[in-house]
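Asker: Next come the chains, spelled out residue by residue.
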Amino acid sequence: MKCKTVHTNLIPYFNNELQFAQKKEIKKHIENCEACNYKYSQLEITFNLIEKKEILEPDPFLYIRINRHLANLQNEKNQPVYNTFYIRALQPALFSLVLLVSIWGSLKLSSISSVKGSLLETQTTEFYFNDLGHEKMEALLLKD
Amino acid sequence: MTDEELIEGILNKNQATFKILVDKYQFLVLNTCNSFLHNKTFSEDVTQEVFIEVFLSIHKFKKEAKLSTWLYRISVNKSLNFIRDNKKNNLFKSIENFFLGEGNQELQISDNEHETSENEAIQKERIELLHKSINALSKNQKVAFTLHKIENLSYKQISEVMNLSLSSVEGLIHRAKINVQRGILSFYKKK
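Same order as they appear, the protein sequences are chains A and B. In terms of my numbering, the first sequence opens at residue 128 and continues consecutively. In terms of my numbering, the second sequence opens at residue 165 and continues consecutively.
Just so you know, not all the hints are guaranteed correct.
To be verified - Derived lysine to any residue pairs resembling SDA-like cross-links, with alpha carbons at most 25 Å apart: (1) A:Lys129 / B:Ile342; (2) B:Lys204 / A:Asn194; (3) A:Lys180 / B:Ile247; (4) B:Lys183 / A:Leu170; (5) B:Lys288 / B:Lys230; (6) B:Lys288 / A:Leu170; (7) B:Lys303 / B:Ala285; (8) A:Lys179 / B:Lys177; (9) B:Lys177 / A:Asn202; (10) B:Lys230 / A:Leu189; (11) B:Lys204 / A:Lys129.
In case anyone wonders, no lab produced these hints; they're calculated from the structure.
Chain A extracted, bound-state conformation (with noise of 0.2 Å):
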């Protein structure tokens, strides 16, 4: 029997699950191959490790925290529920009322600037072009 075909066969030869005859020249080949014999035996050797199930001894303050956790669950519940929704429903009404304020405070300030500028730009030109008018000396010096 080649390597092979045992390799194929080695899960139901390991589960009880072939025939007679197949059964003892899987036997046959697994005592004489080594690398065969690697193999099932570290299948059967890993397998079995699930018999061997590792038993965990219990807390002893289990209860403790238990009992800790659902007082602090008790608590959360008690607290009054506006907080949250008022935080949650208020939060985001304010910040569009902050935006909202400030969009029509910039467009005010915007428009009176514009305002005051047209002012500032008329008494700019009559500064320059009636010079004459502040440089009464000049003037007199003129007529004379």
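Dock chain B against chain A, hints included.
Answerer: What follows is chain B alone, placed relative to chain A:
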């Protein structure tokens, strides 16, 4: 105190009865969780969650069912949820470690492993391989196989916990057994 009396007591918010229930069933819950999680700290945390769930949803418990079956079901669900959440956390951690360059921690762990004796290391490798093969199973196969092979529950009990027919449970366990064996064998074939 019978299970019916325990349930009645907890429904009346009797703390002493709840303590009796915790004491009576914590071994079962803890070891069921550990069969799935293979970690003491995680199993203790999930056990705590299981009993909190029991206390909060005892009114949902159908009195014709067995209390132990209900506890098994909650333990299995909580453990599977923990594994699912932990997988997500591990993914984020590995991404974080990749960007932060914290690969040295793994080296330290592997150095410690070398200190243990060779036999212990081989045994540890075998256990890890077994757990890996079981974890690779589909959800239903994993639950049925673990409850049967590790928790030693009968097919009937498993069918009650999983809400499946006896034949379905039988099929799940058989396929799971073959898949676990394939997983083990494929590892040694590569070697």
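Asker: All hints are to be evaluated individually against the structure, with a verdict given for each.
Answerer: Hints and how they fare:
Restraint check for A:Lys129 and B:Ile342: satisfied, since their Cα atoms lie roughly 22 Å apart, inside the 25 Å limit. In summary, the hint linking B:Lys204 to A:Asn194 is supported, as the alpha carbons are separated by about 21 Å, within the 25 Å threshold. Our distance criterion of 25 Å between C-alpha atoms is met by A:Lys180 and B:Ile247, whose separation comes to about 20 Å. As the CA atoms of B:Lys183 and A:Leu170 are separated by approximately 44 Å, the hinted pair breaks the 25 Å bound.
Between B:Lys288 and B:Lys230 the alpha-carbon distance is near 37 Å, which puts this suggested pair outside the 25 Å criterion. In summary, the hint linking B:Lys288 to A:Leu170 is supported, as the alpha carbons are separated by about 15 Å, within the 25 Å threshold. A hinted pair counts as satisfied when its Cα atoms are at most 25 Å apart, and B:Lys303 with B:Ala285 does not qualify at roughly 29 Å. Of the supplied pair hints, the one linking A:Lys179 and B:Lys177 is violated, its CA atoms being roughly 40 Å apart against a limit of 25 Å.
Our distance criterion of 25 Å between C-alpha atoms is met by B:Lys177 and A:Asn202, whose separation comes to about 16 Å. In summary, the hint linking B:Lys230 to A:Leu189 is supported, as the alpha carbons are separated by about 23 Å, within the 25 Å threshold. Using a Cα cut-off of 25 Å, the hinted pair B:Lys204 and A:Lys129 is violated, with the two alpha carbons roughly 45 Å apart.
Comparing the model with each earlier hint shows violations of hints 4, 5, 7, 8 and 11; every other hint is respected.
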